[in-house]
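Here's the letter readout for the chains.
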Amino acid sequence: MARVHNYKRDLFDNLLKQAISAMIHAKISPPSDDKRWKIVEATMRRQGYVPSTLIEALHSIQEAFGFLDDAALRYVSAALRVPPSRVYGVATFYHFFTMRPPGRHTCVVCTGTACYIKGAPALLKAIENNFGIKQGETTPDGELSLLTARCIGSCSLAPAAVFDGQVGGKLEPAAMLERIERLQK
Amino acid sequence: MTREELDAAVVTEQERSQSFRHHVDVCIAAGCLSSQSEVVLNSLRTEIRERGLEKECALRGVGCMGLCKAGPLVALDGQAVMYQTVAPADAPEIIESLDTAPVERLVCPVNMPFFNRQTRIALENSGQIDPERIEEYIARGGYSALAEALAELTPAQVVERITASGLRGRGGAGYPTGLKWSTVVKAPGSQKYVICNADEGDPGAFMDRSVLESDPHRLLEGMAIAGYAVGAEQGYIYVRAEYPLAIKRLKTAIRQAVRADVLGTTIMGSRFNFQVDLRIGAGAFVCGEETALIASIEGGRGLPRLRPPYPAEYGLWGKPTLINNVETFASVPVILRKGSEWFAGIGTGKSKGTKVFALAGAVQNTGLVEVPMGITLREIVFDIGGGIPGGKRFKAVQTGGPSGGCIPEAYLDQPVDFETLAQLGSIMGSGGMIVMDETSCMVDVARYFMDFCRTESCGKCVPCRVGTVHMHNLLTKISEGQATLDDLAMLEELCDLVRHTSLCGLGQSAPNPVMSTLRYFRDEYLAHIQDKRCPAGVCHIAPEVTA
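So the protein lines, in turn, are chains A and X. In terms of the working numbering, the first sequence is residues 26 to 210. In terms of the working numbering, the second sequence is residues 17 to 563.
Note that these hints are calculated values from the structure, not bench results. For glycine and all other residues, C-beta sits at the position ideal for the given N, C-alpha and C. You may find that some hints are simply not true.
The calculated label-pair distances, taken between Cβ atoms and stated as ranges, are [said to hold, decoys possible]: (1) X/Glu66 x A/Lys63: 53 to 63 Å; (2) A/Gly114 x X/Gly205: 25 to 35 Å; (3) A/Leu41 x X/Gln207: 43 to 53 Å; (4) X/Pro204 x A/Gly114: 31 to 41 Å.
Cross-link-like lysine-lysine pairs, in silico, DSS-like; alpha carbons within 30 Å at most [as the list claims (entries may be wrong)]: (5) X/Lys267 x X/Lys354; (6) A/Lys150 x X/Lys548; (7) X/Lys354 x A/Lys195; (8) A/Lys150 x X/Lys267; (9) A/Lys60 x X/Lys264; (10) X/Lys267 x A/Lys159; (11) A/Lys63 x A/Lys150; (12) A/Lys159 x A/Lys195; (13) X/Lys335 x A/Lys42; (14) A/Lys195 x A/Lys150; (15) X/Lys335 x X/Lys493; (16) X/Lys366 x A/Lys63; (17) A/Lys195 x X/Lys264; (18) X/Lys366 x X/Lys264; (19) X/Lys408 x A/Lys150; (20) X/Lys408 x X/Lys493; (21) A/Lys42 x A/Lys63; (22) X/Lys548 x A/Lys159; (23) X/Lys267 x A/Lys60; (24) X/Lys264 x A/Lys63; (25) X/Lys493 x A/Lys159; (26) X/Lys408 x X/Lys548; (27) X/Lys267 x X/Lys335.
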């Protein structure tokens, strides 16, 4: 008898939970009607809106939009039922997440050990002299962002940099500047 | 897939492979890809199609062949001939010469020490198979160890075999793998987890990435065997977001493995279930520390916590969790296949087997090498690595990344194993090995690593958060020629303090690069402080203003 009772209670609890969760998610809509939110929503749905999948949700937003803004963080916080403070904490803790929109083109200079001893500092200096931006900055016209990476694993090609996703190796400052100029054309 | 089906699959694949007269393999791992190997692959494909040789000549992309500096690499007929720095325009000549003598100007000698001094265990399939086809992994004996374990061995026997092999964790610390597994087995609770640490954060280390990109199924098989041994049904691979290609190939591999019934439920007709999910990191070095990694999988900030309790007893979601490195899991299937004695026969007394190193920096042959433990540093740098380019003098070899140290020339004849490297003030680490010549300044190198630790400190404990910043300030002061001997004394005191009072491995090992350079290159520090000059000419020291 007791077992039947427990079974019924479990069933009821589960139904209640599902109903509440459905109500919550029905009310939470993305910050805008941009189509890219559909991808983010799909990712969260596939993961069952579990709070521990926060990092996956943030990855999908950054992949779709290029960066995370306030509205996006609030939306994820509501959808996954994670306090906004924790979402903000996670978004700012990890280097991979950025809260500023990137430039039209990006140049990621690798500053791993091999690249460092083979001249990465000179590459950074050359970009600073030429474009007036330091690591993590974007030119005022929004054309170029300069980022650094801890190590892209192309140590045999040191010093290396990534231009809009394309790795370039054994770089000299002049060759690197030329590649950046080619990007902008 | 049953064992019979597995054996049948091996035969089918071998027959398929033998039906071709020629095999052309192009490296499509990250190193060669960044030198446009995909374009080379496409132009070879076009060439083969135009000549109507599709039935005679098998063209495929394979994993890393090791010699990354000479990419893109192309191998013919099972690496009988290798071509280096191949350009797309070379395609016609390569196909033309398949039945005649090889193209002289492209040939990369396959009998050089770089290739024949290696012993390949974790990398045994790397460069030999197409990482995106499970059939090729199976044809080389893949998943037979898992089949054998499930059909013939009890979980306890699997743990026994791993213990007997003497395998030690390849993530850096060298904890005995068998002991770790048996701790997880003994931990109470029915829910357990297996985690693969693929958060290879050390700058200058790309061994794990190569395994993930070149032979992803090996990792899955190793994890499934581990899951069977410790009684876990769920595995996670925590991989860096910086390795998009590795993530893509892992996803493909997991999908194929589930379809082939070597992952999922009731694997190979047994009662064992095992599922593997990916968790993508987000760029935090500290997440390589196991408790921080667990915090990150749980969806929070990657903050480490005090140990004990160790994850083996209290890990993911508070359940007993087995965490091993990629290379450790990659060694597991071979150990079961070839036997514990075979594995224990390679290496030294306490360090068994082989270790993969990512050789980079001021050395001729940069790339990936797998060598038996106990080999000397000189053999790695000068024989396999081919020595220092440009006639420069060797100065130091850096192992273990930001947690390791610099080893000078005097100790080049020491054997490479866990204990010796620790005695020398460095660590085995995950396997990054950066060679430095006379143009590198040791103070600058120490400052570089401290800058790394300073930015990567998670900020949870004070010694690491504050100590690394102050050590960095002092090192900057020294490199600028502004420091006094008191500053040097303060630096040494801080090293001692941060090392002994930090919460996790990141802080505890952060002073290593400073301490090891102080130990072997103290004269360089003194030159900066007393003579106001940088012997290597790297640091910018402003000339003193005399009043």
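Hint-by-hint comparison with the structure:
1. X/Glu66 x A/Lys63: 53 to 63 Å: At 43 Å between Cβs, range violated.
2. A/Gly114 x X/Gly205: 25 to 35 Å: With Cβ atoms ~30 Å apart, the hint holds.
3. A/Leu41 x X/Gln207: 43 to 53 Å: For leucine 41 of chain A and glutamine 207 of chain X the Cβ distance comes to about 25 Å; the hint is violated.
4. X/Pro204 x A/Gly114: 31 to 41 Å: holds (33 Å)
5. X/Lys267 x X/Lys354: The hint holds at about 28 Å.
6. A/Lys150 x X/Lys548: Holds, at roughly 24 Å.
7. X/Lys354 x A/Lys195: violated (41 Å)
8. A/Lys150 x X/Lys267: violated (39 Å)
9. A/Lys60 x X/Lys264: Since the Cα atoms of lysine 60 of chain A and lysine 264 of chain X sit roughly 24 Å apart, the hinted pair holds (cutoff 30 Å).
10. X/Lys267 x A/Lys159: violated (36 Å)
11. A/Lys63 x A/Lys150: The hint is violated at about 41 Å.
12. A/Lys159 x A/Lys195: holds (21 Å)
13. X/Lys335 x A/Lys42: holds (25 Å)
14. A/Lys195 x A/Lys150: holds (16 Å)
15. X/Lys335 x X/Lys493: violated (47 Å)
16. X/Lys366 x A/Lys63: Measuring from Cα to Cα gives roughly 55 Å; hence the hint is violated.
17. A/Lys195 x X/Lys264: holds (26 Å)
18. X/Lys366 x X/Lys264: Outside the cut-off at roughly 37 Å; violated.
19. X/Lys408 x A/Lys150: With Cα atoms ~26 Å apart, lysine 408 of chain X and lysine 150 of chain A stay inside 30 Å; holds.
20. X/Lys408 x X/Lys493: holds (28 Å)
21. A/Lys42 x A/Lys63: holds (24 Å)
22. X/Lys548 x A/Lys159: holds (29 Å)
23. X/Lys267 x A/Lys60: holds (25 Å)
24. X/Lys264 x A/Lys63: Distance of about 22 Å is within 30 Å: holds.
25. X/Lys493 x A/Lys159: Status holds; Cα separation ~22 Å.
26. X/Lys408 x X/Lys548: holds (24 Å)
27. X/Lys267 x X/Lys335: Between lysine 267 of chain X and lysine 335 of chain X the Cα gap is close to 26 Å, so the pair holds against 30 Å.
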